[in-house]
Structures are given as structure tokens and as C-alpha cells.
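Undergrad: Chains as they are written, first to last, in the numbering used here: chain V, 1 to 245; chain W, 1 to 308; chain F, 1 to 224.
None of these hints come from the bench; they were simulated from the model.
Glycine is no exception: its CB is placed at the ideal position from the N, C-alpha and C atoms.
Just so you know, not all the hints are guaranteed correct.
[What the hints assert, rightly or not] Cut-off 25 Å, straight-line C-alpha distance, at most; resulting in silico cross-link-like pairs (DSS-like, lysine-lysine):
hint: 1; chain 1: W; residue 1: 239; chain 2: W; residue 2: 163
hint: 2; chain 1: W; residue 1: 163; chain 2: W; residue 2: 199
hint: 3; chain 1: W; residue 1: 66; chain 2: W; residue 2: 299
hint: 4; chain 1: W; residue 1: 256; chain 2: V; residue 2: 20
hint: 5; chain 1: V; residue 1: 20; chain 2: W; residue 2: 197
hint: 6; chain 1: V; residue 1: 20; chain 2: W; residue 2: 189
hint: 7; chain 1: W; residue 1: 215; chain 2: W; residue 2: 148
hint: 8; chain 1: W; residue 1: 199; chain 2: W; residue 2: 155
hint: 9; chain 1: V; residue 1: 20; chain 2: W; residue 2: 199
hint: 10; chain 1: W; residue 1: 199; chain 2: W; residue 2: 231
hint: 11; chain 1: V; residue 1: 20; chain 2: W; residue 2: 163
hint: 12; chain 1: W; residue 1: 199; chain 2: F; residue 2: 76
hint: 13; chain 1: F; residue 1: 76; chain 2: W; residue 2: 69
hint: 14; chain 1: W; residue 1: 108; chain 2: W; residue 2: 239
[Claimed, not checked] With the C-beta cut set under 10 Å, the calculated list includes, among others, these residues of chain W facing chain V:
hint: 15; residue: 78
hint: 16; residue: 179
hint: 17; residue: 192
hint: 18; residue: 194
hint: 19; residue: 198
hint: 20; residue: 202
hint: 21; residue: 209
hint: 22; residue: 211
hint: 23; residue: 217
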Amino acid sequence: MLFLEALAFIVDPANLLGEKGILPRLVDHLLYTGLSLGVALLIGIPVGLIIGHTGKGKNLVIALTGSFRALPTFGLLLFIILFTGLGLWPLVFVLAVLAIPPIIAGAYSGLDSVNRETIDSARAIGMTEWQILGKVEIPLALPLILGGIRSATLQIIATATIAGYVGLTGLGRFLIEGLAYHDYTIAFAGAILVAALALAADGLLALVQKLVVPPGVSRGSARTTHRSRWNFRPAVSTGTHITGG
Amino acid sequence: MPQHMKRRIIAGIAALGLTASLAACASGDPLGGNGSADLGSLTIGSQGFAESDILAQLYGQALAAKGYKIDYAPSIGSRETFIPALQDGSIDLIPDYAGNLLYGADPKATATSTVDVMAALPAVLEPLGLVVSDAAQAEDSDALVVTKEFAAANKLESIGDLKPIAKDITIGANTEFEGRSYGRSGLEKIYGVTGWKFKAIDDYGGPGTLSDLLKGNIQVADIYTTTPSIKQNDLVVLKDPLNMIAAQNVVPLFNKDSYSVAIANVVNQVSNRLTTAELMDLNEISAGDSKPSPEKVAKDWLTKMGLL
Amino acid sequence: MQWLWENRDLVFGLSLEHVRLSVIPIIGGFIACIPLGWLANRFRMTRAIQLTIFGILFTIPSLALFVTLPSVLGTKILNPINVVVALTIYAIAIMVRGAADAFASVPRDVIESANAVGFSSASRFWTVEFPLAGPVLLANLRVVSVTTVSLLSVGALVGNGALGYLFINGYQRDFPTEIMIGIVFTLVIAVVFDQILVLIGRILMPWARRPRRSPRALMVRGAA
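Isolated chain V, as found in the complex:
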């Protein structure tokens, strides 16, 4: 059976190390994911927080992030490469573009979900805007902010497989090799590895979510936390959001 053959390929120690081994490719895949996520966070979180806190530019950003989502990553990557040549940064750029919308949406809708009265009370007891943001809004918004980051991470991990097509490596190489040699076993093994990595990353982020979200918050929004366990595409909640806004 193909699935078993693919598993056999994965557990075969001969396929672990070396130029085409699973381990070096996994490391590269993590590198691409980490860099892209880092860039996306650096841009997405501040933008999302500013919009969420001030409520300004909301419609523009919703429209922009919506159309970003329709951008075909594959085409964008090839387009950029024609100007820059092959390399790591074009990939990081397009993966960041892919990841920014869910991050902004998570941060923004997180702040937006904080009860107005809570914020007004904070203001009434003399908190500065920064204090309100840092001590009230962000902690309360954490479940949704992290939900956005989780979805972004999963999308990056899956999409980073196109690195294998443009002179880089990563787990996508198994897919491209499977395609080039018409070898379903290798392609299947690649699919399993990427899915396993995504599930592991999601589990890890779920753990982080549990650890950093203040107890009061996670209890208060128990439903949210429960749902976002399976929040593979909070894009969905953002979609809901688009209609709302």
C-alpha cells in the first residue's frame, strides 16, 4: 500500500541524513517558516493592534487583506524571481504576504472583541492609552491574536513547499522529486511530513496559547479557546468579520 510504503520511506534511516535527507530538509523548511513568520509578525501585529485600538483605517485594511488573500502566491513568487533571481528573500517575502492578512485580522478582531465598557473603565481609572493597550486590550485579545498567528503558521508551512520548485529545498523537495520522477511514494512521504510538521506546530502553538493567556481570559472565552484548537483557518472567522464590517 502506498501509504505504508511512504511511511517506510520516512522511517528508513538511510533517508534521514545526507544532502537529500529528511532532517536537513526539515531544518530548511523550519528556517523558511520562521523567517517568513517573523517578517509577517513584525508587520502584521503592529498594524493589527493600531487598527484595533484606534478603529481607524479598518475598512481599508479589511479590503486590502481580503485581496491579499486572493493573490496567487505561486505566481507572485515567479514574478519576483524574474527581477531578483533565485534566492531566499523572494520566498520569505511572498510567504510573509500570505501570512500577514490572518495575523492582522487576528490582532484586529482580538482588540475589537474587547468589551468597550472594560476599556472605558480602564480609561476612567486613569490608565494611559499605552497602558490600556498593554495591560487590558492585548491580554484580553490574546486568544484571537494567537489564533491568527496559528493560522498564518499553518499556511506558511503548507505553502513553503513551493520553495522546492525555485532552487531552494525544504520538505517540498520530496513533492517536486515525486513529481519529476513520477514516484508517488516519495510524493506521499513529502505530504505526510509536511502535514505532520503542521500538526506539530499547531500543537505547540496551542500549548503556548494555554500558557500565556491569562487564566481569567481563557475561562471567560472558553468557547473561543475550544474552537480555536481547530482553528486551522481563522480566515474563516475573518470572513465572518468581513461581512460584519
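Given chain V, work out where chains W and F should sit, using these hints.
TA: Then chains W and F, alone, in the frame of chain V:
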């Protein structure tokens, strides 16, 4: 390519060939039920680079002019994918290159000249359920290419000259290059070039490969001999005195069940007029400023040749 | 621009193909999700199982599905069915969660009133629950639509990418314009689909046109 992988692929191709011929027996595909005058329909594939798209259009338009109904399936990919696609009837015809076709089907083949390769092909293709019509004079072969500066600095003229520097070079090519007869095994056995690093760049010697070569990220690139960028960038094609890369004449490859003498006659008219110089012209037009579609490039050429 | 004009037949043909190949997964995903979402909302167990299965399916890269599906389905390599099935799986994976949320968003008291006035459970579903879940279903469907249209182009690597062909062809010919045209047309199709969905929503659900709840309230519901 590791031995076990090769074996698996061959077994896979053989198995697919068997199922395809069984399936072909079962389906009698009744054509022309609508009473139209067309002679039948053909789906023509292409390999995923511009030249192949143009060649597919050359055959297709010539056949369409004779009354066949033609569909195109562009950008299928490597030989490892389009051979099964031919066998399962997804496509009926695809432009291929004689030497690569031979060595893909029979890794133990020894033929290198056009005549020998073409003579060896039918017997190898027969059990796969495939057949070729006449080869064109036009050749477009894989070539190991270096920059002029790199060639001068390392006194490179032929592939064998890479031997002393093999451990310090990276060769850039499509993924499947490594497993081909002129890949790892051929370079080692025929020229003793071994220990090089491989960078897979899946653009068939296109702009990514070229920019990496010019930047020095790779030192040797696999670029096809008819590619305009070789001339444009003064690249040096390393000679192949031991004929590691067999003659690569353009050859129309058919599913046996789709082949007929009438169809072959039409396709042969195209092949007969196609020289290497013409093929390079076609590629230059396609890569030229107006970037015409493969369809237009082919149409203009066929018109010029009086084949439409 | 001139290239677009000279190659209008090619671009138009590919656009049509793009529409054809993405419509089926969008509609198929929607239809499949109605029973799945309803089941998931009804029974806790099925919800967990469904969300797990589709959650895992969603983590498989589209390219991997495109490449491996022929071996699973026994289809021909170049059959567009492979791409259509892969995208339908994604559509369901995205929709199923949202559909469960949509049915969960129907207020309990409304369902109980419907029971009280004697609706059978089937007619209650079609006349009460389904329409009330409509706005949230639609919102999810819009995400599915955009994602499907954009993901399809990766299929070009397996010979079935519709407009994605322009990406590969433009890349190999070192011709950014061709890629840009592919991107723009993909975006146009995504926007047109989105507007059509919005329009359908307005016609079928006139009550949802102006959200009575403030956007904030809907947001919280949608996210919660």
C-alpha cells in the same frame, strides 16, 4: 538516482503500460458520432517549456488544417510524467527528443548518433505501447554550459575538463537531471566527474538557472542548445567528445493506438522542414520582445513553410 | 497591454478554464458542508471527528494533493478531476468548521419555538435553521471562493492550472508581463465570484442586508 528508485520507476512505467494497453482494448472510443467530417480527435501534450509548446502547436495546427480536431494539454512536465500520460490515453502525441526518449526507456542503451538512436527506438518503445514518426533534422540537446570567464579561468573546453574541479562545483538543472543517463551516473562513468553538488532549479534552463549561473551561485548549468540565452550571454557549451548526451533530434512520440499512417504523414511534413536553425529561430521569436504565444509562433512558421 | 490584446484568445480561454475548474469545488464544498455542518453542530462526537479529519486534510499542501491524487483515485494523471477533487477537499476543510459555527449561531429559542408550533425536524431545518445560518455560511463560502480561485494556479505544475499556465510560461520565457496578467485575471475572477456571492446573498437573504447587530457584536459571535 538510487537503484531502488530506478527499479521502481521502470516497474511503474511497465505496469502503467500494461494497464494502458488493457484499457485501450476495452474502450473503442467511437468517433464522429455527430456526423461531422472530421477525421477524429487528438490531444497533443507538451513538456513544460516554451519550445515544447511551440512544437506541439506545429503538429497540432498542421493536423487541424487537415481536418483533425485537436486539443492541447500544455506543460505536463518531465518524461517520467508524460510517458504514463501517453500510455493512459490522456494525450495521444507529444514532441520529444530522441536521445532522452531512448535512454529514459532503456537506461542500458548504447546508441549515440541520430541514425543509431532512431534505429534503436522502435524496439524499445514497442513494449511500452509507444511509437514515433520521423525525427526532424532539428536537434535540441541538454548541454552543460558555463560562463566564458569560468571556462577561461579553469581552462574548460569539454565536459571531461570538469574532473579536477568537480568537488568545488555546483551543477544547476531540473530535478530529473540527476537521475538521467547524463546525470550523476553518466558524468561519473564516462568523464570521471564526480563529487559535485547539485542544485535543482526546475525551469528547464530558464531565467532562474541563467541568473544563478551568471551570479556564480552555480558554476555549471544544464541549458538546452537551442536556448537563445546561450548566445545572448556568451555562454560556453562544454563539448561532449564521448557522446554522453545522445543525439536529441525532435521526434513526435505517439500512443500506439492513436498512431496512423495518415496522421504520421501530416506530422512528418512538419518534421521534414524543421532544422536546428529553424528551431533556434522559433525560440528566438518566442523569447523576443513581443513574446508571441506558442500558437502564433507556430502559425506564422507553418504559413511561411506553406504547410497550412 | 499589447501582449494581452494579441493573446486575448489564450488568456480568455484560460480564464474560462479557471472559472470552470474553480466553480465545481466551491459549489461542491458548499453542498457537502450543509449536512456535515449540521451533523457537527448536532452531535459533539461527530464534530470532533470531522474537525480532526478535515483539520489534518487542510495541512496537506495543495501541490501534494495534486501530485498524489491520481494514485489514490485511480484517475488519469492529466485528468482535471484530480485538481477539482483536491480543491473540493480544501473547500470542505475550510467550510466544515464555519458551517458548524453557522448552525450554532441559530438561537436556541428560535428552534424551540419552531418545535412548539409543530415543525417536523426536516422542515424546521430547511425553513428555519438553514436560512438563519445563511449569513455565516455565506461569509465562509466567500473565503472558500477566494482561496479556491487562488490555489488553482498551483495546478499548473501538474498540467491543470488554468491561468497558472501563464505563471510557468511567463517565468520560463523571462516575461513578467505574462505572469502579471495571470495574477490580475486571477484577482478579477476572485472579485467577480465574491460579488456574485454577495449578490446571491442579498437576493436570498434580504433580511441580512443591513446587519441589525452592530458589526462588533457580529464579529464576536463569528469569532466565538
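Undergrad: Residue 20 (chain V) and residue 163 (chain W): Cα distance at most 25 Å?
TA: Measuring from Cα to Cα gives roughly 23 Å; hence the hint holds.
Undergrad: Can the hint on residue 211 (chain W) be confirmed by a CB-to-CB distance to chain V that is less than 10 Å?
TA: 4 Å, holds
Undergrad: Between residue 66 (chain W) and residue 299 (chain W), is the straight-line Cα distance small enough, at 25 Å or below?
TA: 14 Å, holds
Undergrad: With a cut-off of 25 Å on the C-alpha distance, tell me whether residue 215 (chain W) and residue 148 (chain W) pass.
TA: Holds: residue 215 (chain W) and residue 148 (chain W) sit about 13 Å apart, inside 25 Å.
Undergrad: Checking one constraint from the list: CA of residue 239 (chain W) to CA of residue 163 (chain W), max 25 Å. Satisfied?
TA: Holds, at about 14 Å.
Undergrad: With a cut-off of 10 Å on the beta carbons, see whether residue 209 (chain W) makes it to chain V.
TA: 8 Å, holds
Undergrad: Would you check whether residue 179 (chain W) satisfies its interface hint, that is, whether its CB is within less than 10 Å of any CB in chain V?
TA: 6 Å, holds
Undergrad: Is the hint on residue 194 (chain W) kept, meaning its closest Cβ partner in chain V is under 10 Å away?
TA: 14 Å, violated
Undergrad: Quick one, are residue 256 (chain W) and residue 20 (chain V) close enough, alpha carbons at most 25 Å?
TA: 37 Å, violated
Undergrad: Quick one, are residue 20 (chain V) and residue 197 (chain W) close enough, alpha carbons at most 25 Å?
TA: Holds: residue 20 (chain V) and residue 197 (chain W) sit about 11 Å apart, inside 25 Å.
Undergrad: Does residue 202 (chain W) pass the interface check with chain V, least Cβ-Cβ distance below 10 Å?
TA: The hint holds - residue 202 (chain W) has a Cβ within 10 Å of chain V, the shortest such distance being about 5 Å.
Undergrad: Closer than 10 Å between Cβ atoms is the bar; does residue 217 (chain W) clear it against chain V? Give me holds or violated.
TA: Status holds, d = 7 Å.
The structure is inconsistent with the numbered hints 4, 12, 17, 18, although it conforms to all the rest.
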